[in-house]
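Asker: Residue strings, one per chain:
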Amino acid sequence: MNELQTILSDSVNGLLSERVTKALVQKAEEGEFPAALWSEVEANGLTRVLVPEEQGGAGGTWADAAIVLKAAGEHVAPLPLAEALLANWLLVQAGIEVPDGITTLLDGDFTLEGGKLSGEAARAPYGRDAAHGVAIVKGEVVLVALEAAKIDPGINVAREPRDCVTLKAAPATAKKASLPGNAMKLYGALIRACQMAGALGYLSTQSVAYANERTQFGKPIGKFQAIQQQLAVLSTQAAACGVITDHACAQVDKRGAGAAFEIAAAKIRVDDASSIATSIAHQVHGAIGFTYEHGLHFATRRLWSWRAEFGAGRDWAETLGHETIAAGADALWPHVTAR
Amino acid sequence: MQPFRFDLCELPGETEGLREEIRAFLAEELKHVPKVTRAQTWSGSDTEFSRKMGAKGWIGMTWPKKYGGHERSFFERYVMLEEMLAAGAPVGAHWIGDRQSGPLLLRFGTEEQRQKILPRVAKGECYFCIGMSEPDSGSDLAATRTRADKVDGGYRVNGTKLWTSGAHTAHYMIALFRTDSAPEAKHSGLTQFLVDLKNTDGITIRPIKDLAGNAHFNEVVFEDAFVPDGMLVGTEGGGWGQVTAELAFERSGPERYLSSFMLMVEMIRELEKRGGDGAVEIGRLVAHLVTLRQMSLSVAGMLEKGENPALEASVVKDLGAIFEQDMPVRAHELLGMAPTVGEGSDYEQVLGYLTQTVPSFSLRGGTREILRGIIARGLGLR
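Note that the protein sequences, when read in sequence, are chains A and B.
So in numbering that gives the first Met the number 0, spot 307 of the first sequence is number 306, and the numbers just go up one at a time.
So in numbering that gives the first Met the number 0, spot 84 of the second sequence is number 83, and the numbers just go up one at a time.
Read the hints as simulated data drawn from the structure, not as lab findings.
Wrong hints could be hidden among the right ones.
[To be verified] Listed next, with one range per pair, are the computed distances between beta-carbon atoms: (1) E332/B x V156/A: 24 to 32 Å; (2) R205/B x T290/A: 55 to 63 Å; (3) K55/B x K253/A: 55 to 63 Å; (4) G274/B x G100/A: 49 to 57 Å; (5) I6/A x R381/B: 19 to 27 Å; (6) G229/B x G217/A: 28 to 36 Å; (7) G16/B x I150/A: 23 to 31 Å.
[Claimed, not checked] Covered, in the sense of this in silico footprint (three residues per stretch, anywhere, with C-beta under 8 Å from a C-beta of chain A), are these stretches of chain B: (8) 274 to 280; (9) 290 to 297; (10) 312 to 323; (11) 360 to 373.
[Unchecked claim] Below 20 Å or equal to it, Euclidean Cα-Cα: the simulated EDC-like pairs (lysine to aspartate or glutamate) are: (12) K26/A x E2/A; (13) K272/B x E322/A; (14) K115/B x E70/B; (15) K30/B x E322/A; (16) K253/A x E15/B; (17) K34/B x D329/A; (18) K222/A x E368/B.
Note that the structure is predicted; figures quoted are calculated from it, not measured.
All residues carry an ideal CB built from backbone N, CA and C; glycine is no exception.
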């Protein structure tokens, strides 16, 4: 890790490990947004990792952002941190000034006419809590205030707000940016993949810790080979996801939207891993892990939600598979090794 | 915290020239080699091909020049390896000497052993096999019973080694023998030896036919075979530690996820012809392939830095074997064509070969269960 990465890692992990308690996540699930924690997240510059220094950001790379995104997943922070981080980056790409407060992503069908934005984002993360939203309409990044928006509340299975946000001719700031047509879905998949890699790391360490504590038949269950073998599998899945998400972020830094291949691979890989890993983590934890009382489900329910957001693994696999088959059998190896 | 570290590792740009050179060489050399033969990758053996590789300087690439090596980087060697494997080059004859026994001799061998043997290995003329497993010692390697008893000027060896790949073509075996039979010396009573298979009386090598009808591995019986003092490798009683270090090399390379790559390529070719479905499955395989390559490269980066990636190598080998073994299953589900032997399309024959061969991929070089035990130890569970 370089200096910025060490600072970011200490800052985000220190803050979230201390402040994201079970009680806080539970209250968030009941509808109480952790506003004080959010203020600290903003004060620490965590939503502005990808914003240039002269605009009040950290001037970081996606490799730096990965640290914050993974920490957000690992600590199950009930905040739109990943969304704000990406929204701010999109604004920077278009040269739009980054506003303070919560900015979320508006993934949906929108039209822009005379500087007014209309349309609907069916499942906008934390739509109810956000002051602003960022949409992409025909190559233009659009920043819109959400005070006049119609909000129909909804949640995902992790009980994170996923609200239907409807806008009718809302005044907006729009500027052209050099982004791929599917930028929202593409980079959305990247932030979710990183969060998932973080959550998978948590499942691994938490399950190992539990297996060392829980005693049955006179010894910790982690002493049984059947459990050890399962935990080994869980840890290798988490390790694979750490690598592929780091790789995807590094490739975005290197080739921008040209890294769509790696982003797709990352989302596919973490999706596959989360099915295996959530199953093992719950099996190792036994009945207690199935209760609301134990915190394991905060991570597993997020994984079950996130794996289908911004394109499920199978959707990205379909894209990647079509491209691979169309390019031809003998093109695969040269393509893989050229990256 | 996870106990593994997989730092990203990007191959330096100067390896690309080498990659192009190797691709051009292989395009010519493998022009007429059938796909099903290529599917054997590092199990396929061709001594003529090994000599050509030696002449190119692609064996012992990282070794010192004074032992016939070429003092190139681990990354250059990595590029050479992955290109050979992806193309299905018959690297089997020199494979063990290049990957495992050469590095072992560099580390633990005597000066005389190095000078006498390594230059010939690097030329692609001298081949190795590994004598570890025995009838009663598989995963429990420390249960080794083949004895090397001290006699005047050397050791007298009695016992049987089993599943010894390539013993019938190899010039030397690196063998793990018991030099101390005391019960308390289970680990400390093991010693590694170089055995000259071509010039030692009392050694019988019998092929063992595998389930596909091939005879890659053997039973090697020692009956009062004499091994001179000068053939001891490392220290007497130090065999266990040496073998453990050696296995890290055996588990670390791209061969641990590319063994079924030929089938993946032929699957895509088949789907290309048919049009239609299969994209989701192929996309998924590509994602796993890319991930494994990055993990494997990360291990190579640790080797280049002189670190010990034993644990990380076990992680890659375990995930790699799952990927390799999944390939015929995916192929069957996607295309439903019968695997064939000796007839049929490239795809059908490659499927035939790999369907029968993949069970060995989670046995060779440490079983899945042993690897997961190593990982569990890394996790602090044992």
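Asker: Does each hint hold? Answer for all of them.
Answerer: We went through each hint and held it up to the structure:
no., hint, result
1, E332/B x V156/A: 24 to 32 Å, "holds (29 Å)"
2, R205/B x T290/A: 55 to 63 Å, "holds (60 Å)"
3, K55/B x K253/A: 55 to 63 Å, "violated (32 Å)"
4, G274/B x G100/A: 49 to 57 Å, "holds (51 Å)"
5, I6/A x R381/B: 19 to 27 Å, "violated (36 Å)"
6, G229/B x G217/A: 28 to 36 Å, "violated (53 Å)"
7, G16/B x I150/A: 23 to 31 Å, "violated (58 Å)"
8, 274 to 280, "holds (count 4)"
9, 290 to 297, "holds (count 6)"
10, 312 to 323, "holds (count 3)"
11, 360 to 373, "holds (count 4)"
12, K26/A x E2/A, "violated (35 Å)"
13, K272/B x E322/A, "holds (15 Å)"
14, K115/B x E70/B, "holds (19 Å)"
15, K30/B x E322/A, "violated (27 Å)"
16, K253/A x E15/B, "holds (18 Å)"
17, K34/B x D329/A, "holds (13 Å)"
18, K222/A x E368/B, "holds (15 Å)"
Checked against the numbered hints listed earlier, the structure breaks hints 3, 5, 6, 7, 12, 15; every other hint is satisfied.
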